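Enquirer: Sequence:
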Amino acid sequence: MQYDLILSNIGKYVKLTEAEASFFTSKLQLKEVGKKAYVLQQNERCRHLYFLNSGTLRAFHLTARGKESTVMFAIADWWITDMYAFTNDQPSVMNIKAVEDSQLMCLSYPDLELIWEKIPKFEKFFRILMQKAYVREQLRSIQNLSLPATERYDRFVSKYPAIVKKVTKKQIASYLGVTPEFLSTIRKER
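Using the working numbering, the letters of the sequence shown map in sequence onto residues 868 to 1057.
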């Protein structure tokens, strides 16, 4: 069933009744995007929170000079959005692009607020998601400030082996904040 993965994801933190699960899934829109297609472009309004059923996405910021800085990747069973733009109804500061053909579940902000109102346990679920995301980003910031690039690369490969297999070396370098040439040097040493 197309909702099994998302309901399993939610079930890790809260238990839904059949009626609650049905109400929640009725608010989801299924979207399929091809490889290299944009899910969201910088400066667009971010209208949805996305859950990946399958595929891989990359979120990145593009500077005025054309330099890409990868903010995050997402694979099946992960959530992704431009949280700043989504929660503040502002233009996006990031692009989200498919690394490979992907299937997404889309949830709009008005529907998310309705779900919070009708099923309060979803507030707990999304609080847990946000806490985990905040901790992950805080640790990443500390590592970027304190660890050498070689160690950051080793930790990335160890923590996200599925992502390493799906994205380019250039995208990994962008995520780590190093040049592709420097990343090639690191990889040769391994």
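Derived from the structure by calculation, the hints contain no laboratory data. None of these values were measured; they are calculated from a predicted model. Careful, some of the hints might be misleading.
[Unchecked claim] Mimicking DSSO-like on lysine-lysine, the simulated pairs with C-alpha atoms at most 27 Å apart in a straight line are:
#1 Lys902 - Lys882
#2 Lys882 - Lys1037
#3 Lys1032 - Lys894
#4 Lys1037 - Lys879
#5 Lys988 - Lys999
#6 Lys882 - Lys999
#7 Lys991 - Lys903
#8 Lys903 - Lys882
#9 Lys991 - Lys898
#10 Lys1037 - Lys894
#11 Lys879 - Lys1033
#12 Lys903 - Lys1026
#13 Lys988 - Lys902
#14 Lys988 - Lys898
#15 Lys1032 - Lys882
#16 Lys894 - Lys991
#17 Lys991 - Lys902
#18 Lys985 - Lys902
#19 Lys894 - Lys999
#20 Lys999 - Lys985
#21 Lys999 - Lys1026
#22 Lys879 - Lys1055
#23 Lys882 - Lys985
#24 Lys1037 - Lys934
#25 Lys882 - Lys894
#26 Lys1036 - Lys1026
#27 Lys882 - Lys1036
#28 Lys898 - Lys1055
#29 Lys902 - Lys1033
#30 Lys934 - Lys1055
#31 Lys1037 - Lys1055
#32 Lys879 - Lys988
#33 Lys898 - Lys879
#34 Lys1037 - Lys1026
#35 Lys879 - Lys903
#36 Lys985 - Lys903
#37 Lys1033 - Lys903
#38 Lys1026 - Lys1055
#39 Lys934 - Lys903
Enquirer: Please list, smallest to largest, the hint numbers that this structure does not respect.
Expert: 1, 2, 3, 4, 7, 8, 10, 13, 15, 17, 18, 22, 27, 28, 35, 36
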